[in-house]
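Undergrad: Heads up: the protein sequence lines correspond to chains A and B, in order. Read in order, the letters of the first sequence correspond to residues 1 to 119 in our numbering. Read in order, the letters of the second sequence correspond to residues 1 to 110 in our numbering.
Read the hints as simulated data drawn from the structure, not as lab findings. Where is the CB? At the ideal position from N, CA and C, for every residue including glycine. Hints may be right or wrong, so weigh each one.
Computed list of chain B residues with no C-beta within reach of chain A, every gap over 12 Å [to be verified]:
| no. | residue |
| --- | --- |
| 1 | G12 |
| 2 | Q16 |
| 3 | S17 |
| 4 | I18 |
| 5 | S36 |
| 6 | P57 |
| 7 | N62 |
| 8 | F64 |
| 9 | S67 |
| 10 | G103 |
| 11 | T108 |
Partial list, derived from the structure: chain A residues whose beta carbon lies under 7 Å from chain B [as the list claims (entries may be wrong)]:
| no. | residue |
| --- | --- |
| 12 | V2 |
| 13 | Y27 |
| 14 | R44 |
| 15 | W47 |
Single-letter residue listing:
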Amino acid sequence: QVQLVQSGTEVKQPGTSVKVSCKGSGYTFSDYNIQWVRQAPGQRLEWMGYINAGNGNRKYSQKFQDRVTISRDPSASTAYLDLGSLTSEDTAMYYCAREPTNRVFLDNWGQGTLVAVSS
Amino acid sequence: QSALTQPASVSGSPGQSITISCTGTSSDVGGYNSVSWYQQHPGKVPKLMIYEVNKRPSGVSNRFSGSKSGNTASLTISGLQAEDEADYYCCSYAGYSSVIFGGGTRLTVL
Numbered sequence: 001q002v003q004l005v006q007s008g009t010e011v012k013q014p015g016t017s018v019k020v021s022c023k024g025s026g027y028t029f030s031d032y033n034i035q036w037v038r039q040a041p042g043q044r045l046e047w048m049g050y051i052n053a054g055n056g057n058r059k060y061s062q063k064f065q066d067r068v069t070i071s072r073d074p075s076a077s078t079a080y081l082d083l084g085s086l087t088s089e090d091t092a093m094y095y096c097a098r099e100p101t102n103r104v105f106l107d108n109w110g111q112g113t114l115v116a117v118s119s
Numbered sequence: 001q002s003a004l005t006q007p008a009s010v011s012g013s014p015g016q017s018i019t020i021s022c023t024g025t026s027s028d029v030g031g032y033n034s035v036s037w038y039q040q041h042p043g044k045v046p047k048l049m050i051y052e053v054n055k056r057p058s059g060v061s062n063r064f065s066g067s068k069s070g071n072t073a074s075l076t077i078s079g080l081q082a083e084d085e086a087d088y089y090c091c092s093y094a095g096y097s098s099v100i101f102g103g104g105t106r107l108t109v110l
């Protein structure tokens, strides 16, 4: 079955960066996009960006584009989200999700990675 | 635009039908047939319920249906059940490979 397994909880200090991984299994990793979505405590889902796991094309939300990098390693069936210049407002659950290429819906989600930013 | 507009909350009794609206603009909801809906129970991962306006993934109950008129998409849940109580988010393609979510709607089954 399709699974996306994310890396574990991160506790970071303000001003540092965090890297979250998302490993896909049960499907051909390169045939899909990986989207990244975050959710602050009690708040809505917020789109951060995506990567085409096959050709590496990516797009970032304007809100994050100055400090986010999304990458992938097809040989490891893994995508990564790198977010820098962290502040307390970045404390959130970060989700990766699979999206069929050339379509816009998230059909399988990772379990989420909690990133807590605190001094 | 920061988020699509959804009502903060809706409620209904078991067996009733409810509709959740999702209003955007001609640059997102109105411009593409790429609206999807997600159900999220507290502390859980979002789950795809509707995609491409009105399509249901395998395994999703046919009590869930979607539609769109102009810049507003809608999710209708018929025959409400206690297990439907959750947060619901709409999502739309917004052009230039970007995506936008709604603010979320809390559904309470009375």
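Undergrad: Tell me, which hint numbers fail for this structure?
TA: 5, 6, 10, 12, 13
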